[in-house]
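Sequence lines, in order, name chains A and B.
If you read the first sequence in the numbering used here, its first letter stands for residue 351, the second for the next number, and so on.
If you read the second sequence in the numbering used here, its first letter stands for residue 44, the second for the next number, and so on.
Misleading hints may appear alongside valid ones.
To be verified - Covered by chain B, per the in silico footprint, the following chain A stretches (three or more residues, Cβ under 8 Å): (1) 423-436; (2) 456-469; (3) 524-531; (4) 576-588; (5) 624-636.
Since the hints were derived computationally from the structure, they do not count as laboratory data.
Quick reminder that beta carbons are idealized off the backbone N, C-alpha and C, glycines included.
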Amino acid sequence: MTFFIEVVAGGLLAGVMYALVALGFVLIYKASGVFNFAQGSMVFFAALTFVSLTERGWNLWLALAVTFLAMIVLGIVIERIVLRPLVNQPPITLLMATIGLTFVLEGVSQLMWGSQPHGLELGIPDVPIEWLSQKWNINISQFDLFAAFVAGVLVAVLAVLFQKTRIGRALRAVADDHQAALAVGIPLQHIWAIVWATAGFVALVAGLMWGVRNGVQYALTFTALKALPVLILGGFESILGAIVGGLIIGASEKVAEVYLGPYVGGGIESWFAYIVALLFLLVRPEGLFGEKHIDRV
Amino acid sequence: MLYREAGQFKSTYSQDQQIFPILQDRIGVLALLVVAFVVVPLVGDQYWLSALITPFLILALATLGLNILTGYAGQLSLGTAAFMGVGAFMTYNAMLRIPHMPILGAFVIGGLCAAAVGIVFGLPSLRIKGLYLAVATLACQFFVLWALNRVGWFSNHSSSGVITAQRIEMLGYGVDTPAAKYLLTLAIVAVMALAAKNLMRSETGRAFMAIRDMDVAASVVGIPMMKTKLLAFAISSFYCGVAGALYAYTYLGTVEPEAFTLDLSFRVLFMVIIGGAGSILGSFLGAGFITLFPIFLNLASRWLENALGIELPHAVVSNSEAIIFGGLIIFFLIVEPNGLARLWQITKEKLRLWPFPH
């Protein structure tokens, strides 16, 4: 039983990591209807920039601030160069543009900082919490808990931003209806730049968490693929969906890996999450918390 | 002046409905076929045939397949490479396990197996749409790749999962030289492209396009949603499956499941978008562009190195190439979202009037 709890807890905490990446997707999709495939490479770009700056002897907080600034600039540049000319194009064109953006971002970050993998330390060791493992014999990583805490804070901040501030109201208005928002005088372009910058910040946080766990390397770009089932399960438009979806995917993936994996030869984590998400979709085609679409002829 | 349809009268319905109603188009296509079937194998050297033109044709076939699904029927799929993988591995097994199997029959079996997989993974399309469906088709991509890797039967229990394509023999002649392989590929691609062109002009094709444009409206006017969507998946995966089989048999020779990763799916999707969604010609243009462009970039970077007299580090070159490639795709999407096929159409309209302005 303790083993089962340990597996589920580990899965839930891994799910939080997925949710961190999925959050970035949700933010951009909500506000601009763009499915930003480049989120994975933004995570990579942010983590690589941060770790390269700290390795050059920069102060941790200074590096964080500079990277955040870089992500804001990146968001504005993307809005300006890629999105603005593509307004009113079908979603698949926008998706392809962000895949093109993936190539550019990966190329730029490796050109700037080199392609060798880096280790990342934030001062929180990735070791099991002692009193938990002594008392109940359950191993849960201290760092995972920290990541979960960070994700919680992030979601709370985003929720306040979306619900309580002037910018948040504008964001929700844009998400609801571009044209109506424009008509009441909301500057669409500013809002998009803000959203992309926010997504850049989320990417930075996700990059740091994933970087500590797996090292900062090219494989970070694949975190996007981990986040996709989370997204379709939770629904593209819902921040809450990203979190809940992440938890469901993380837990079920871990449980399946441990209890089902040995029977089918292992390695099932590459597709199991997708199948789980697919099963949920068959019941709720727009994800758990996605907006219901009414088809009109 | 040369490209005018004035004076070409159509007196029967079938003349009006032919694929190339303009005489100059017919001559052009015929000339293109002659060049492709006769001139290219004669003048093309081994490298060009086996490393450039054959893969271009194969990828064009896969693009055609995806174009039927995405461009005509409007169902976004990211599982193309998986269907290609199924085609390649099942063709291999058909050749291996069925005695005296003709190669074309094996290709058909590979394609049919891919079509079956396509139908299974097309089932969610009845419930989910758009980007949700795109992500759902990723399930197919990862699951099929995993199955090909893990289930030994597919690769005849080879330890590394690699299969080696059997020697192709047709009517007693071995298809061994690059030129022969090229001709086989070309013949299959040409026939299948013609079939696709005709299919898209038929009732089935019109049903696909109705579903693409608005599926609720299509079902209201009586187009069977389930049958049509699954048919689109089946036909599309059949094309991809045959392309995968050709990929293994006439291009690579030895394949492992890792040849059919998500990257390949994306490349084929790029070809569809760059070439023009919903266009048979566009599939070829897009495949040609994406296949040739990296080679062109590579030549350009080498030329640059020679011109400057310095040796650039490999990492710099490959990263710059990625940046230029991605940047160019974005640029293309911005200036011509309807793809190269649309550019060709505009050129044709200009040609009709040339050299007069109106």
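To see whether the hints hold, each was checked on the structure:
1. 423-436: holds (count 4)
2. 456-469: holds (count 7)
3. 524-531: violated (count 0)
4. 576-588: Our answer is that it holds, as 5 residues pass the Cβ test (under 8 Å) against chain B, meeting three.
5. 624-636: holds (count 8)
In the structure shown, a violation is registered for the earlier hint numbered 3 alone.
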